[in-house]
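Residue numbers (the working numbering), protein chains in the order written: chain A, 1 to 399; chain B, 400 to 636.
Check the hints yourself; a few may be wrong.
Once the Cα atoms are required to be at most 25 Å apart in a straight line, the calculated BS3-like pairs of lysine-lysine come out as [said to hold, decoys possible]: (1) B:483 / A:391; (2) A:347 / A:79; (3) A:298 / A:79; (4) B:519 / A:161; (5) A:264 / A:159; (6) A:171 / A:47; (7) A:309 / A:298; (8) A:47 / B:554; (9) A:309 / A:347; (10) B:483 / A:265; (11) A:264 / B:554; (12) A:309 / A:391; (13) B:483 / B:519; (14) A:264 / A:391; (15) A:151 / A:164; (16) A:164 / A:148; (17) A:159 / A:148; (18) A:161 / A:79; (19) A:47 / A:79; (20) A:347 / B:519; (21) A:171 / B:519; (22) B:483 / A:79; (23) B:554 / A:164; (24) A:161 / A:148; (25) A:298 / A:391; (26) A:159 / A:171; (27) A:161 / A:151.
No lab work stands behind these hints: they were computed from the structure.
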Amino acid sequence: MQIPRFIQIHTLHTYPAALLNRDDAGLAKRLPLGDAVRTRISSQCLKRHWRVTEDAFALANLDVPMGIRSRGTLELIAKRLQENGLTALLAQAAAEALRDAGLLDKGGKDKKGEDALKTGQAVLLGKPEIDYLVNRCTELAAGNAEEKTLKAAIGEWLKGKDEKRNIEALKHGSGLESALFGRMVTSDLLTSRDAAVYVAHAFTVHQAQVENDYFTVVDDLLQDAGELGSAGIFDTELASGLYYGYVVVDVPQLVQNLEGVDFKKCFADGASPEQRALAARVVQNLLHLIATVSPGAKRGSTAPFDWAKFMLVEAGDWQPRSLAAAFHNALSLDDNSAPIRQRAVGKLTAEIAAMDDAYGAPLARRFLSVDPVSVPGAERLNLTQLADWAKGIVEQGAC
Amino acid sequence: MPRHLLMRLEAPLIAFGGETIDKFGVIRDFPALSMVTGLLANALGYGREESGLHERLQSRLLIGARLDSDVQRLTDFQTAQLGKDDLGWTTWGTPEGRRGGPDAYSSPHLRYRDYHAGLKVLVALRLEPAAETPTLDDLAQALDRPARPLFIGRKTCLPSRRVFAGWQDATNILEALKVVPFPDSPIRLRLQWPDGEGVLPGDHVLDLCDERNWTSGVHGGWRPVREGVFDAPGVTT
Numbered sequence: 001m002q003i004p005r006f007i008q009i010h011t012l013h014t015y016p017a018a019l020l021n022r023d024d025a026g027l028a029k030r031l032p033l034g035d036a037v038r039t040r041i042s043s044q045c046l047k048r049h050w051r052v053t054e055d056a057f058a059l060a061n062l063d064v065p066m067g068i069r070s071r072g073t074l075e076l077i078a079k080r081l082q083e084n085g086l087t088a089l090l091a092q093a094a095a096e097a098l099r100d101a102g103l104l105d106k107g108g109k110d111k112k113g114e115d116a117l118k119t120g121q122a123v124l125l126g127k128p129e130i131d132y133l134v135n136r137c138t139e140l141a142a143g144n145a146e147e148k149t150l151k152a153a154i155g156e157w158l159k160g161k162d163e164k165r166n167i168e169a170l171k172h173g174s175g176l177e178s179a180l181f182g183r184m185v186t187s188d189l190l191t192s193r194d195a196a197v198y199v200a201h202a203f204t205v206h207q208a209q210v211e212n213d214y215f216t217v218v219d220d221l222l223q224d225a226g227e228l229g230s231a232g233i234f235d236t237e238l239a240s241g242l243y244y245g246y247v248v249v250d251v252p253q254l255v256q257n258l259e260g261v262d263f264k265k266c267f268a269d270g271a272s273p274e275q276r277a278l279a280a281r282v283v284q285n286l287l288h289l290i291a292t293v294s295p296g297a298k299r300g301s302t303a304p305f306d307w308a309k310f311m312l313v314e315a316g317d318w319q320p321r322s323l324a325a326a327f328h329n330a331l332s333l334d335d336n337s338a339p340i341r342q343r344a345v346g347k348l349t350a351e352i353a354a355m356d357d358a359y360g361a362p363l364a365r366r367f368l369s370v371d372p373v374s375v376p377g378a379e380r381l382n383l384t385q386l387a388d389w390a391k392g393i394v395e396q397g398a399c
Numbered sequence: 400m401p402r403h404l405l406m407r408l409e410a411p412l413i414a415f416g417g418e419t420i421d422k423f424g425v426i427r428d429f430p431a432l433s434m435v436t437g438l439l440a441n442a443l444g445y446g447r448e449e450s451g452l453h454e455r456l457q458s459r460l461l462i463g464a465r466l467d468s469d470v471q472r473l474t475d476f477q478t479a480q481l482g483k484d485d486l487g488w489t490t491w492g493t494p495e496g497r498r499g500g501p502d503a504y505s506s507p508h509l510r511y512r513d514y515h516a517g518l519k520v521l522v523a524l525r526l527e528p529a530a531e532t533p534t535l536d537d538l539a540q541a542l543d544r545p546a547r548p549l550f551i552g553r554k555t556c557l558p559s560r561r562v563f564a565g566w567q568d569a570t571n572i573l574e575a576l577k578v579v580p581f582p583d584s585p586i587r588l589r590l591q592w593p594d595g596e597g598v599l600p601g602d603h604v605l606d607l608c609d610e611r612n613w614t615s616g617v618h619g620g621w622r623p624v625r626e627g628v629f630d631a632p633g634v635t636t
């Protein structure tokens, strides 16, 4: 039994005649690898399309159950304050003051006790944000030992002009996107958020197949007037390919970013599966997005929309490693022994078998495929089942 | 004879970062001491704010590297749309905005990032003093079951194999790099190792600025290293 600390996602996508990602000269991005140059899609390009997609599995649709989120956050802050030596009453007062000042709610409602901690809007605060609030409240508590004065002091502090704007910025910067893909602040190390989703550049498993597409724009009005003229002559590059993609989800880091708990406690004995529930749903949605969302420039003229033809998901706690080396030697385009997609899957499974043999670190695996292929030791599922499986193991903490 | 830990760094894209200035993210041919420190610290689960732990690990590390394939560079071009009103919160209570007039944001921000394509690198390393924690064994365990995914320079540079690659007893780093099995195709191997850890005929000493001050977050100081070429068996000159 392994702990699903890392979820690795390998994909094969087919994109014919598309310009998915271009460089500063307008050409398809390339990658020299092994014995051949390939075409490539950068991780920034892939992440952007997963982020902005609006569909049933969009990240925006993960709207977090309001009351529960904010209740969790304020309770966590109150608990952390007690760990810092505040009495239960003072910690409660501090949490109420944060809430009253509008940190996690509209504010001004002056709710007390349990009520104060159990209502409110969703604000997704990560560990750095919660650390900051806890530290500030602890500092203020040092000089204000009464509940009333502490509440007043916290209220005063949050009302300061700069601090008010700072808290606004804190809310904006703590969304789901930075929880997934990270946030880097060079001037203030402590406010940075480590990415929980690592994305490699995707590349073709065969040598680059690139075509220069020459086109003219015909001027309808001039034609009507009896002239042959075109309004412009252009060319662009189109590439076709079978792309290998690789993503790793760092589950403990994702839980830390979403729930504010330390990553070391994510799968610890007694850790609550509820704390991993949101991360599990994020992983579930992410699998759908990775399988079905296509990157791409020139969408209107090339329709570069594809769903993964093959997707392998691995879970475990060994060092994540991509299977890119399986394609270090480019697949031949002339080999007719089997369709290239099946040959690519064959390369991937051979690479897995070789790694398992050499290092004895087998992972839990599931896959989907539109072709009649098999992956030794891995069950074949459809996308819904695959995403549900990943969600389930994150929640259960075992695979 | 001291024991050395071996790492193999392989991935379609690798970035051994140099001094990034403005929008140009440049790279060098060999891994920096700070990068290896960061990679190991990541495996051990150090937080970025734990600068003391990073500092200590870096000061104990002796690393050398051997390039097992030819260096091929590529430049990745990126665009990012920034907004003038983007604000970042800070731990000192004053939100930080961006500088520049409104026109500075009408076009996307352009960035150029260099990478090594398909590079294979062998790293040999040792800790001094050896008895302190983390030990080399701790590092080996952490590399196999890292606290976070390992990456080689940038987060998109994910290794395509197990990074921990075994042990080598050798009198010094150079000797370790010289005896570990070579790549299949014989090539002239380029090596870099700390000054004082062996000499090769025709090598040269250079001063490298690749130590990070983990508290201030900037690189500083110089350390002498040697660079040289070593022919794997089978190379005809």
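So, going through the hints one by one against the coordinates:
1. B:483 / A:391: Not satisfied, since the Cα-Cα distance of roughly 38 Å exceeds 25 Å.
2. A:347 / A:79: With Cα atoms ~51 Å apart, residue 347 (chain A) and residue 79 (chain A) exceed 25 Å; violated.
3. A:298 / A:79: violated (52 Å)
4. B:519 / A:161: violated (53 Å)
5. A:264 / A:159: violated (35 Å)
6. A:171 / A:47: Holds, at about 22 Å.
7. A:309 / A:298: Given pair residue 309 (chain A), residue 298 (chain A) holds - Cα atoms ~22 Å apart, limit 25 Å.
8. A:47 / B:554: Distance ~13 Å between residue 47 (chain A) and residue 554 (chain B) Cα, so the pair holds.
9. A:309 / A:347: holds (15 Å)
10. B:483 / A:265: violated (38 Å)
11. A:264 / B:554: Holds, at about 21 Å.
12. A:309 / A:391: holds (21 Å)
13. B:483 / B:519: violated (42 Å)
14. A:264 / A:391: holds (20 Å)
15. A:151 / A:164: holds (16 Å)
16. A:164 / A:148: Cα-Cα ~21 Å, so holds.
17. A:159 / A:148: holds (17 Å)
18. A:161 / A:79: violated (28 Å)
19. A:47 / A:79: violated (35 Å)
20. A:347 / B:519: Given that 25 Å is the threshold and the Cα spacing comes to 20 Å, the pair holds.
21. A:171 / B:519: Judged against 25 Å, a Cα distance of about 43 Å means the pair is violated.
22. B:483 / A:79: violated (38 Å)
23. B:554 / A:164: Status violated; Cα separation ~33 Å.
24. A:161 / A:148: Status holds; Cα separation ~22 Å.
25. A:298 / A:391: Given that 25 Å is the threshold and the Cα spacing comes to 34 Å, the pair is violated.
26. A:159 / A:171: holds (16 Å)
27. A:161 / A:151: holds (18 Å)
In summary, the structure is inconsistent with hints 1, 2, 3, 4, 5, 10, 13, 18, 19, 21, 22, 23 and 25 from the numbered list given earlier, while agreeing with the others.
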